[in-house]
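*Asks:* Just so you know, the protein sequences line up as chains A and B, in that order. The first sequence begins at 44 in the numbering used here and counts up one residue at a time. The second sequence begins at 987 in the numbering used here and counts up one residue at a time.
These aren't lab readings, by the way, just hints derived from the structure by calculation. Yeah, the Cβ is synthetic: ideal placement off N, Cα and C, and Gly gets one too. Please note that the accuracy of each hint is not assured.
[As the list claims (entries may be wrong)] Simulated coverage check for chain B against chain A, where a stretch passes if three residues somewhere in it have a Cβ under 8 angstroms from a Cβ of chain A:
{"#": "1", "segment": "1153–1166"}
{"#": "2", "segment": "1191–1204"}
{"#": "3", "segment": "1213–1224"}
{"#": "4", "segment": "1272–1283"}
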Amino acid sequence: MKIAPGPRRATARATLTIGLILLAMQFLAIVFAPWIAPYSPVDANPINALQEPSLKHLFGTDVSGMDIFSRVVFATRINLLISVTAVAIAFAIGVPIGLAIGYYKGWISSLAMRIFDFVQSFPVFVLGMVLVSVMGQEIWNVAIVLAVLFTPVFARLIRAEVLSLRDRPFIAAARCSGATDQTIMFKHILPNALTPAIVQISISIGMAILLTAGLSFVGAGVRMPTPEWGLMVSNGAQHMILGIWWVALFPGLAIVFSVLTFALLGDAAKQIFDPQNRSIS
Amino acid sequence: MKFGMLMRSLPRPLRIVLGRIGILVPQMFGVLLATFLLIRLLPGDPALLMLGNMATPDQIESLREKLGLNASVWTQFTSYLSMVIQGDLGTSMFTSNPVVVDLLDRVPATLELITYAMLVTIIIAVSLAVVSVIKPKGLVSKFSKVYGLAAGAVPDFWVGLLLIYFLFYVAGIAPAPFGRLDPIISAPPPVTGFLTIDTLLAGDTEAFASAVGRLFLPVLTLATVNAGALMKMTQMVFADSYRSEYIRHARASGLSEWKLVRIALRNSLPPIITMVGFLFGFLLGAAVLVETIFAWGGLGQYAVSAVMNSDYPALQGFVLVAAAFILIVYTVVDVLYGIADPRIEV
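Put together the whole structure using the sequences plus the hints.
*Replies:* What follows is the structure in structure tokens.
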């Protein structure tokens, strides 16, 4: 395969820039939501129900007369809070587990891998829906369930790296000079094993946003009147058939926008951290 | 030793199938254990969960007795096992039918949807991938880059709604998004459960047209959203084999371009098969969302209503059927993989 060094690096930089700009916009929406949003995200006003987008209501109003623009802005908080928390927990749990089961061979490690196989062989959405429904539909339960679903991903990535590192000469050297297992694992192996997991963070956050929205859409996530993108799309679903497009369109666009951000950042991270790419530059 | 010799005397495909079915049994056992634990390990009393907060202590006690909750966990598991083996998955609290009956009613709807969605997904993904690799500077290649990025970021339920708006409301070319058949048309006698096949068997072309029409939007939704991932993977694998030495050699020997594509595609088949199997499982999850939008009346919609109504026996049954479905798909994938890649030892 031919490799074009220059352009590829430039694309990586462009991807990163676009991703960061989009991320910054969402960050602003999270911090300044009360100032950006012209109305309260939960104020129902039935007289104003289902108004078309206008200067007064940029994205129109929904069936209870709530301002969709304000709700879309405020929902950034909930959606990103759930997704980022879930991935952060998954990373914090998955990395040490991956490190341990990669470093120590034994039946516990194989059992852990079998359990991960099992969890991952399930369609994520089905498992998520079932787990949230048995745990109770709370914001934090959605985050916890997503964390459980993503933990195997991180553990696996770390384990694969650890397996390739543990028999390297520099590890043997560290062991010979009397380093303990802990020192070897955390000081010598972990820093060299983290890259794929770090690249995965961004991709996982994007997936978490999609899953959160999907769960709320079928009614297995957060509940009204919490401003959440999937829930808002679901509120507009039955109107779509009657030609009332704005209720479902805008929150859906917000989802696409947000997931795309993290997909771009993940792409950029992949290209920047890719050793093949690094040697080219 | 004798067993090994016996195995080796069998034809290769049969050996692959037998070997894989051997693994299926312990896997199925694992699935049963997991679905059992799912409900039993919940915080709180399963009897209370099943009856809801309005239950009296007497009702709870009698349900505990009925479910065998007062016995040891091991006895509970063996009795659950024997119930499942006898085809008893409990009674749905919402429909008051046996869960098995409910599930069997709904399996064909979902299977039909997923099967056609999978076919369309493969056709879109593979043709886009092949064309974009053969003509790397062409329009299709540029489109495939944008599509690959966007398809992973778009929620399927939202795409479904947009398609309803544009193709049903605005353009009026798609049929109404309610169910699998026009309500004024009577359903054909069930043979396979696939309406597209049953209507043809019954010779009812009007019903056939209606069934195909109703499939159009949900299949399009699932395919456009999921073809992106398969396309990206196929591009990678196909590009590797299309630019390999043996293809260059074959080209130098004067084989036609069409033949080269066929050879390269044949050799990139194993990883594509794995991905397709994975997608099949994924589509089951996506079908939950899409069925809700199109009032499809399949497994997915049943699962959502089970979630809404805290119908735990129904939920447990759904999880079991979903897991069994995935296991079967993965088994088929492994078998096909073994057949497609002759280097694999069996």
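*Asks:* Next step is simple, just say for each hint if it's right about the structure.
*Replies:* Here's how the hints hold up against the structure:
1. 1153–1166: holds (count 5)
2. 1191–1204: Answer violated; 0 residues pass the 8 angstroms Cβ test.
3. 1213–1224: Coverage by chain A is violated for the segment 1213–1224 of chain B (0 residues, Cβ < 8 angstroms).
4. 1272–1283: holds (count 5)
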